[in-house]
Amino acid sequence: MFPLLLIFLPVLTALFIFVLPAAQSRMIAFAGAILSLLAVLLSFNTLHADATDVALSFSFNWLPSLGSNISFGIDGISMVLLLLTNILLPLIILTTFQRDIIKPKGYFSLMLLMQSALLGVFMATDGLVFYIFWELALIPIYFICLFWGGEGRQRITFKFFIYTLLGSLFMLVALIILFQHTTNHSFAIKDLYAAGASMTFDQQAWVFWFFFLAFAIKMPVFPFHTWQPDTYVNAPTQGTMLLSGIMLKMGTYGLIRWLLPMVPQAVSAYTDLVIILSIISVVYASAIAMAQVNFKRMIAYSSIAHVGLICAGIFSYKAEGIQGALAQMFAHGINVVGLFFICDIIQTNTGTDTMANLGGIRTVNQKFAFWFLITMLGSVALPLTNGFAGEFLLLNGIYQYNAWFAAIGGLTIILGAVYMLRGYQAIMLGETSSITTSFPALKLSETIVFIVIAGIIVISGIYPKIILDISAWDVQLIAH
Amino acid sequence: MNEILIVAGLGVLTLLAEIFSFKKFIAPIVIAGLLATWVVAALELNGNIYSSLNASVLNMLDFDRYAQSFVLLLTTIALLWVIINYNFFSDESNKADHLSLILFSMVGGFCMVSYTNFVMLFLGIEILSIPMYVLAGSNKRSLRSNEASLKYFLMGSFATGILLFGIALLYGSTGSFYVYDLRVKTTGADFVMTPMFTIGMVMLLSAMAFKSSAAPFHFWAPDVYTGSPSSVTSFMSTFVKTSALAAFMRLFYTALPYVPETFDRIFLILIIGSLFLGNIIAVFQTNAKRLLAYSSISHVGFMLMAIRFFSEPTSVASLFFYMAAYAITTLAAFMVLKIVEENSDGDVSISAFNGLVKRNPLLAGTLTIALLSMAGIPPLSGFFAKFNILYIALNHGYFWLVIVAILASLVGVYYYFKIVIAMFASEPVLTPITLTGKQKILLLLLTLLIVGMGLNSFVFDLIPS
Numbered sequence: 001m002f003p004l005l006l007i008f009l010p011v012l013t014a015l016f017i018f019v020l021p022a023a024q025s026r027m028i029a030f031a032g033a034i035l036s037l038l039a040v041l042l043s044f045n046t047l048h049a050d051a052t053d054v055a056l057s058f059s060f061n062w063l064p065s066l067g068s069n070i071s072f073g074i075d076g077i078s079m080v081l082l083l084l085t086n087i088l089l090p091l092i093i094l095t096t097f098q099r100d101i102i103k104p105k106g107y108f109s110l111m112l113l114m115q116s117a118l119l120g121v122f123m124a125t126d127g128l129v130f131y132i133f134w135e136l137a138l139i140p141i142y143f144i145c146l147f148w149g150g151e152g153r154q155r156i157t158f159k160f161f162i163y164t165l166l167g168s169l170f171m172l173v174a175l176i177i178l179f180q181h182t183t184n185h186s187f188a189i190k191d192l193y194a195a196g197a198s199m200t201f202d203q204q205a206w207v208f209w210f211f212f213l214a215f216a217i218k219m220p221v222f223p224f225h226t227w228q229p230d231t232y233v234n235a236p237t238q239g240t241m242l243l244s245g246i247m248l249k250m251g252t253y254g255l256i257r258w259l260l261p262m263v264p265q266a267v268s269a270y271t272d273l274v275i276i277l278s279i280i281s282v283v284y285a286s287a288i289a290m291a292q293v294n295f296k297r298m299i300a301y302s303s304i305a306h307v308g309l310i311c312a313g314i315f316s317y318k319a320e321g322i323q324g325a326l327a328q329m330f331a332h333g334i335n336v337v338g339l340f341f342i343c344d345i346i347q348t349n350t351g352t353d354t355m356a357n358l359g360g361i362r363t364v365n366q367k368f369a370f371w372f373l374i375t376m377l378g379s380v381a382l383p384l385t386n387g388f389a390g391e392f393l394l395l396n397g398i399y400q401y402n403a404w405f406a407a408i409g410g411l412t413i414i415l416g417a418v419y420m421l422r423g424y425q426a427i428m429l430g431e432t433s434s435i436t437t438s439f440p441a442l443k444l445s446e447t448i449v450f451i452v453i454a455g456i457i458v459i460s461g462i463y464p465k466i467i468l469d470i471s472a473w474d475v476q477l478i479a480h
Numbered sequence: 001m002n003e004i005l006i007v008a009g010l011g012v013l014t015l016l017a018e019i020f021s022f023k024k025f026i027a028p029i030v031i032a033g034l035l036a037t038w039v040v041a042a043l044e045l046n047g048n049i050y051s052s053l054n055a056s057v058l059n060m061l062d063f064d065r066y067a068q069s070f071v072l073l074l075t076t077i078a079l080l081w082v083i084i085n086y087n088f089f090s091d092e093s094n095k096a097d098h099l100s101l102i103l104f105s106m107v108g109g110f111c112m113v114s115y116t117n118f119v120m121l122f123l124g125i126e127i128l129s130i131p132m133y134v135l136a137g138s139n140k141r142s143l144r145s146n147e148a149s150l151k152y153f154l155m156g157s158f159a160t161g162i163l164l165f166g167i168a169l170l171y172g173s174t175g176s177f178y179v180y181d182l183r184v185k186t187t188g189a190d191f192v193m194t195p196m197f198t199i200g201m202v203m204l205l206s207a208m209a210f211k212s213s214a215a216p217f218h219f220w221a222p223d224v225y226t227g228s229p230s231s232v233t234s235f236m237s238t239f240v241k242t243s244a245l246a247a248f249m250r251l252f253y254t255a256l257p258y259v260p261e262t263f264d265r266i267f268l269i270l271i272i273g274s275l276f277l278g279n280i281i282a283v284f285q286t287n288a289k290r291l292l293a294y295s296s297i298s299h300v301g302f303m304l305m306a307i308r309f310f311s312e313p314t315s316v317a318s319l320f321f322y323m324a325a326y327a328i329t330t331l332a333a334f335m336v337l338k339i340v341e342e343n344s345d346g347d348v349s350i351s352a353f354n355g356l357v358k359r360n361p362l363l364a365g366t367l368t369i370a371l372l373s374m375a376g377i378p379p380l381s382g383f384f385a386k387f388n389i390l391y392i393a394l395n396h397g398y399f400w401l402v403i404v405a406i407l408a409s410l411v412g413v414y415y416y417f418k419i420v421i422a423m424f425a426s427e428p429v430l431t432p433i434t435l436t437g438k439q440k441i442l443l444l445l446l447t448l449l450i451v452g453m454g455l456n457s458f459v460f461d462l463i464p465s
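Here the protein sequences come in this chain order: E and Z.
Quick note: the first sequence uses our numbering, first residue 1, plus one each step.
Quick note: the second sequence uses our numbering, first residue 1, plus one each step.
There could be a bad hint or two in this list.
Claimed, not checked - Below, simulated DSS-like cross-link-like pairs (lysine-lysine); rule was C-alpha separation at most 30 Å, straight line:
id : chain 1 : residue 1 : chain 2 : residue 2
1  : E       : Lys-105   : Z       : Lys-440
2  : E       : Lys-443   : E       : Lys-103
3  : Z       : Lys-358   : Z       : Lys-440
4  : E       : Lys-103   : Z       : Lys-440
5  : Z       : Lys-438   : E       : Lys-105
6  : Z       : Lys-140   : Z       : Lys-24
7  : E       : Lys-103   : Z       : Lys-438
8  : E       : Lys-443   : E       : Lys-367
9  : Z       : Lys-440   : Z       : Lys-23
10 : E       : Lys-159   : Z       : Lys-358
11 : Z       : Lys-95    : Z       : Lys-151
12 : E       : Lys-105   : E       : Lys-159
13 : Z       : Lys-95    : Z       : Lys-23
14 : E       : Lys-443   : E       : Lys-105
15 : Z       : Lys-95    : Z       : Lys-140
16 : Z       : Lys-140   : Z       : Lys-438
17 : Z       : Lys-358   : E       : Lys-105
18 : Z       : Lys-358   : E       : Lys-103
19 : Z       : Lys-95    : Z       : Lys-24
20 : Z       : Lys-438   : Z       : Lys-358
21 : E       : Lys-159   : E       : Lys-103
Everything labelled a hint here was simulated from the structure, so no lab data went into it.
When you get a sec, could you build the whole thing from the sequences and use the hints?
Right, here's the structure in full:
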């Protein structure tokens, strides 16, 4: 029953927000998000007690004529993503506490509906249900970006929508092809696995590329990334956090759950090509990030670099690579939300995020500089931070597959350090400029967000087993 | 058959209202009558009442399961349409005439979904079309409405001529008007496809494509849809289209099961033409009504895929579901469009929708759901409609056609979202719109239907495959 609880709690909260006065929307949303977090922690507890607990799965006979059941299941791999989603949501809502949100009812209920859809994606064990939640996650974020976004949002959000829809329509075709090859006319993931394995190589190749297109656009991986920087910069801060912190993980999760075990022959044939694309992504995005003058845009490109390495690690198909990918997905979600929040605070207080105009904030606000430093170190994968555990394992996995790929992919750590440290230097150090001299102290809600983020960065950095143990068993089942 | 009797009786009664001056009560009477028709249709489909008339009426009509399902769907559409467009009749001097025209065209629609004889197909199309020619011009003072009426009439009669010619040639080559005779003859081992049969068939297909406004026989549709009063346009693109496509499918369901396979190329031209012409021209439209007209052409492309892949077991159910989803969605879209039109001095350009979410969130919400459903976004009914069609196409081995259809519907998303973006991301220029209680309930009901038909497969399972 946990899957239903997890999906319906946010929907219920959204309903409450809709009915009750707008002044209370924020608090209701926050309370609902905390409840969801508790629910996921409860289910986490059950996961440890018994790996095949019925409480963690749900099935309902839905469309018999299509062979589709509404079925969900939680295993270790899902659990990492569920935890990430439900830890981030309260934080993301907390980041709005010092901001004025126009039309808060719509804003918060859309955020919660998005949460519900994301949880559905991470739990679905039926092809059609997976597809539906996949699309459902797109609708709220589209409207968040469209209604609350910045200048030129019509064009930018539209590009984002068309791009992702293109990918998912091809995924739909892939799902139908798999469905046709099932022996018992079913969309259940196990039957689809069997169908995929029984297909000829050519058919597998089509399915592979259709799935990959959908996931690659969502992540995004070079050359499907062009929608991403504009959308991240243009979306409202919370929208960006949802997009980069959680939604991006839909793509990487999709690779692990729906692509690797689905079409084994095609996967082994195209692994090289995909890893090369991912490595290009890493180097290319890092290079562009170094050239950015705008802090938010720089984080957007750094996100492409990080996800490129995750994609390469997953395709190494080694237990270390996939474990590293999951750890890094979790770490990246936490870090990137922290970075975008820092960007939001700077932007709100100084009116700009062009790095050249900033500087010297550290002398005005030391606490803020401290939190920025920790988040940044997590992001550049310094040892003893969460980013290190993930990237180390990822590179380990890639190294086992091919040492050259690992060597080039490893550049991400160096290049990442270059642009992040330069960004930190430009914003925090040096002489104060006219707009940074009056940089205000952090508010309580902002400090809480940073404490939580820094806490996770340090704890899961020193003791990464907390995250790795969740998925270790299930990753062993699929990896080579 | 009972439904035809009730509706025809209602039509005559409505005409009498003009003479005996009980015009004031006629709209409620018609709604009650249609409600009764709906109940009868539902009970018949469910097997609760058996009508000896249903079996076969002089080899002319046969109310088999196919016909009963479509009659139920058509009655639902008409009932919803009359309730939604209640004010189309209330502020008119000759409302009884208009109502009776609608009722008679319903009779035509019922004949079109139940014919077993080509004569009845022809008569059904005529009974359906002639009231439509009149209604298209029912906004007497508008030049556009007059133009629509004339265009529709001229083109429509031309197409009917071709239909009749085609039927005559089929008769010449097989010697029968009766569909089951035709089936026996054309599926027999000794059947040779003579040139006469081929030409007749091509003519028949062209005429049916014209009636369903499939490209390249679509040229009348945008002008007629734009010029006619919005209520009438909404009737044309729901009721009339459903009847036409159901009649088209019935051609193969009863008489000519192998024709879609043998006339493969013609069907592909119709399908790809409709998908691309409809979608691409719609991108450049600035008038919302015209945009919906082109979008309806593109939907015909999908509907024709169900007909082309007739031999697949779920093709009939898929078409039925597509028609139901499309009709309900279109009714909702046109209801909103009409309310916006009335509140912006008859302006239906896309800019009239600017900031609609601030003028009235319910209207904007309903239209958004409707447009998302037309664009095929899950879990709305429009998605499942497309899904079923793509499935049978893939099952039939037409992989490339599926890719083509997907690319075309991606273009569709572009123009549907032009309206969505206008509603959500532009500033309103006009004052807020207030809705009556009845309108609110109807909008919510339509939204519920658009979502609910997708989440539950009851509509799909109505026709056993």
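* Hints the structure violates: just list their numbers, smallest first. => No hint contradicted; all consistent.
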